[in-house]
Amino acid sequence: MKIKVSRSELLHELSQITPVVEKSTKLPILSHILIDANRDDETISLAGSDLDVSIKTSCPANIEEKGAIAIPARELTDLVRYLPEDSDIEICTEDSERVFIISGKSKSRMVCLPDETFPEIPAIGGEDITIPGDILRKMIQMTIFSVTQEQSRFTLNGILLILNRNFIKMVSTDGHRMAYVEATKEFENLEKDLKILIPKKTVAELYKILQADQYLFVQFANDENHLFFKMENRLLVSRLLAGQFPNYELVIPRNLKNKLIFTTQKLKQSVNRVNVLADEISKRIMFKITSGQMLLRTENIKKGEAEMEIEIDYSGADVSLGFNSQYLLEFLNVVESEEVIFEFSDNEAPGLFRPHGELDYVYKYVIMPMSI
Amino acid sequence: MDAFFAAVEQLYRPELRGKPVIVGGDPDGRSVVSAASYEARVFGVHSAMPMAWARKLCPQGVFLPGDGKKYGQVSRLMFGILEEFTPDVEEASVDEAYLDVTGCERLFGPPLAMAHAIRLAIRERLGLSASIGVATSRSVAKIASELAKPDGLLLVPPGREADFLAPLPVERMPGIGETTSRRLRGLGIRTLGDLTLMDDTLLARVFGKYGPLLREKAAGRNHDGLREFAPRKSMGKETTFPRDMVDRPAVGRTLALLTEKVCRKLRAEGLAARTVTVKLRYSDFQTVSRAHTFDTAVFYDSIIIPAVWDLFQQLDSRRTGIRLVGVSLSRLQTAVRQWSLFDAAAQRKQENLCRGLDLIRDRFGFTAIGVASRLA
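Listed in order, the protein sequences are those of chains A and B.
Take the first sequence: its position 34, counting from 1, is numbered 34 in my numbering, and each next residue is one higher.
Take the second sequence: its position 253, counting from 1, is numbered 253 in my numbering, and each next residue is one higher.
Among the hints, erroneous ones may be present.
[What the hints assert, rightly or not] Taking lysine to aspartate or glutamate pairs in the EDC-like style, the calculated list, with each CA pair at most 16 Å apart, reads: (1) Lys279(B) x Glu238(B); (2) Lys233(B) x Asp279(A); (3) Lys142(B) x Glu96(B); (4) Lys349(B) x Glu348(A); (5) Lys233(B) x Glu280(A).
[What the hints assert, rightly or not] Label-pair restraints from in silico Cβ distances: (6) Asn347(A) x Ile303(B): 20 to 26 Å; (7) Lys303(A) x Arg205(B): 32 to 38 Å; (8) Leu27(A) x Ala268(B): 44 to 50 Å; (9) Leu240(A) x Val288(B): 31 to 37 Å; (10) Ala268(B) x Ala349(A): 25 to 31 Å; (11) Asn347(A) x Asp26(B): 48 to 54 Å; (12) Ala204(A) x Asp100(B): 46 to 52 Å; (13) Phe364(B) x Ala349(A): 34 to 40 Å.
Source of the hints: derived by calculation from the structure; they are not laboratory data.
The beta carbon of each residue, even a glycine, is placed where N, CA and C say it ideally should be.
All chains should be built: construct the whole structure from the sequences, respecting the hints.
Rendered as structure tokens:
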């Protein structure tokens with residue numbers, strides 16, 4: 001193999017792949033990136049995988065001699081990063097396990113692995129559905145934070161994606177709070193409704209790709225074992241998670257007795273302020289709601305207490321609710337509306353947060369309270 | 001307190017006075033010495049030594065199983081006496097305390113006189129001997145009290161800390177454990193005096209931020225006050241099997257039992273934990289541990305026991321006998337209940353169940369009620 005590529009184009013693609021590449025070296029090949037120059041369209045393909053998630057992308061190249069090789073990911077990325085910005089890089093193999101990387105006056109020889117040992121990345125299968133890139137990115141942003149951090153809770157360990165001819169939904173939960181977002185969108189070539197759990201790591205990688213570049217559309221497809229997300233020249237392949245996601249519809253509260261409206265920024269600032277003195281581990285913030293006023297309060301036996309008053313339009317009975325500040329802030333950081341609605345009934349029932357005003361999507365965030 | 005558990009036994013049973021008394025577990029099993037009277041120490045017995053060795057060294061010794069309740073009572077009386085002198089008492093252990101006597105001179109005279117009065121009060125009212133170190137910092141005071149033992153009093157005058165510490169081996173300093181002392185010895189540092197002569201940059205290179213701090217400590221210059229509010233960082237229980245265990249389900253049941261006990265203690269202190277760690281020691285002393293972190297702090301057996309079981313399954317990769325198992329809970333917080341979204345009703349039931357179990361056990365003892373699987 002002998003190819004020439006632009007340093008900046010190669011680095012951009014490498015930085016998309018390196019996050020999935022295994023840091024531990026249980027299987028040495030998984031710490032490598034496969035460079036394949038066997039195509040006829042003046043591009044090379046690049047791929048990285050940890051067996052659960054794989055990313056395949058391409059980069060324009062001048063191919064003098066076809067071939068393929070698996071190069072250590074971290075070293076290759078670092079080497080390319082430290083080369084001058086607008087340089088060209090020549091990559092040529094010495095044999096099946098060595099490669100020269102030459103640019104200007106710099107010349108390196110790296111020990112590699114033969115390309116045939118690299119795991120096969122499945123080709124996109126099934127009918128594909130086109131989802132607008134910005135909708136997908138926004139929906140992930142609104143749900144990703146409430147995915148559980150506990151590896152063992154495998155039925156919650158991802159975002160539930162629901163596709164129907166008329167809408168797209170995403171739901172995530174860690175068992176204590178739940179984020180739900182629904183957008184209206186016609187999916188005409190969808191044959192039957194889809195309900196799929198996208199693993200957490202896949203969602204995180206997908207989100208990174210969608211943030212790094214703007215994509216008009218993402219093509220989505222699935223077969224029995226895999227999920228495929230194709231964005232122009234990039235393909236993200238994920239293993240499918242088995243497991244029954246809990247019945248999310250049951251826990252979205254309806255007919256909550258009380259309703260408050262807050263200016264999003266003001267509520268966020270207030271929470272941030274009192275959060276400074278919240279207990280580090282429980283992160284509890286008390287909402288003391290009385291007629292006309294809400295008091296946000298935190299207590300920390302070591303550090304002290306903090307309070308913040310907010311005027312509210314409320315005339316019901318006094319209620320005291322405790323919430324995890326992290327849960328509140330994660331929602332307030334991504335909600336787009338200027339005002340948010342908070343609905344609640346009592347200190348053991350779920351609280352419901354949602355944006356206030358006209359929006360082209362439905363966003364609901366359910367939080368269970370904390371008590372002593 | 002000097003040889004606390006042994007001294008309490010001798011106090012309650014006068015016939016044991018003047019005899020070597022050794023408190024610990026079963027002398028024929030694998031337990032260790034928790035306290036040895038000074039009469040026993042003459043034979044070379046010391047705490048943390050396997051009981052079997054102690055028996056060999058001192059066959060004529062009186063071996064006692066230990067009575068935590070009794071020691072707890074005496075300990076409370078002892079702390080009561082200390083609190084008559086100053087409210088600033090830090091409970092370091094059942095028989096060890098740090099007192100901040102700043103500003104108490106008017107009432108009790110200079111620190112030396114006060115220390116004397118405390119020792120006297122403990123001797124007269126409890127019939128036990130205590131050793132006291134007086135110094136400008138916690139660590140120096142602790143070292144001084146150790147050197148004062150048995151039944152002594154040692155004052156390190158302000159400004160003379162470095163001279164006092166200089167000839168002592170580095171391990172004497174609380175906080176310098178096996179690892180740090182090994183690395184210090186690697187640098188040719190044997191005494192605290194050697195350590196004070198070292199260059200900060202070198203120490204920083206070897207020990208990071210902790211390096212220069214170590215030197216300050218060795219010079220007796222860190223005037224660390226009391227840890228007035230020292231919240232518990234973790235709690236745990238472990239057990240050494242009388243014989244190495246091959247039967248994995250039985251090991252699992254032991255782990256479940258330990259977990260129940262730790263969880264009960266957790267709830268009794270009004271705490272909840274974010275992280276649970278399981279530890280295994282194989283017959284060849286290879287020791288492994290693995291932890292799991294929950295999304296929120298938990299305090300029920302029914303959530304923690306399955307996590308412990310999973311950890312055990314993941315951890316146990318060998319087919320060798322298991323010598324010791326342990327469970328510990330960490331990242332503790334006051335038990336704030338985070339209600340569950342999907343099974344709040346079950347959560348409430350579990351909570352009631354645990355509360356009921358705790359009440360029964362408070363009244364009738366731990367073995368009064370338990371899960372049926374333990375009968376197997």
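- Measuring from beta carbon to beta carbon, are phenylalanine 364(B) and alanine 349(A) in 34 to 40 Å? Roughly 37 Å apart at Cβ, these two residues keep to the hinted range, so it holds.
- Message: The hint says 20 to 26 Å between asparagine 347(A) and isoleucine 303(B); measuring C-beta to C-beta, is that right?
- Response: Once the Cβ atoms are compared, 22 Å apart, the range 20 to 26 Å for isoleucine 303(B) and asparagine 347(A) holds.
- Query: Regarding alanine 268(B) and alanine 349(A), is the given constraint of 25 to 31 Å on their beta-carbon distance met?
  - Reply: 29 Å Cβ-Cβ, so the 25 to 31 Å window holds.
- Task: Verify the proposed pairing of lysine 233(B) with glutamate 280(A), using a straight-line Cα cut of 16 Å.
- Result: 13 Å, holds
- Message: Holds or violated: lysine 349(B) and glutamate 348(A), Cα atoms, limit 16 Å.
- Response: 14 Å, holds
- Message: With the threshold set at 16 Å, check whether the alpha-carbon distance from lysine 233(B) to aspartate 279(A) stays at or below it.
- Response: 14 Å, holds
- Starting from lysine 142(B), check that the Cα of glutamate 96(B) is at most 16 Å away, please. With a Cα-Cα distance of about 9 Å, the restraint between lysine 142(B) and glutamate 96(B) holds, given a limit of 16 Å.
- Message: Verify the CB-CB distance for lysine 303(A) and arginine 205(B) against the hinted window 32 to 38 Å.
- Response: Holds, at about 34 Å.
- Task: Check the following: the C-beta atoms of leucine 27(A) and alanine 268(B) are separated by a distance inside 44 to 50 Å.
- Result: 47 Å, holds
- Regarding the pair lysine 279(B) and glutamate 238(B), is the alpha-carbon distance no greater than 16 Å? OK: lysine 279(B) and glutamate 238(B) at ~8 Å, within 16 Å.
- Does the hinted range 31 to 37 Å hold for leucine 240(A) and valine 288(B) at CB? 33 Å, holds
- Task: Evaluate the given range 46 to 52 Å for the C-beta pair formed by alanine 204(A) and aspartate 100(B).
- Result: 50 Å, holds
Going down the numbered hints, you'll see the structure goes against none, and every one checks out.
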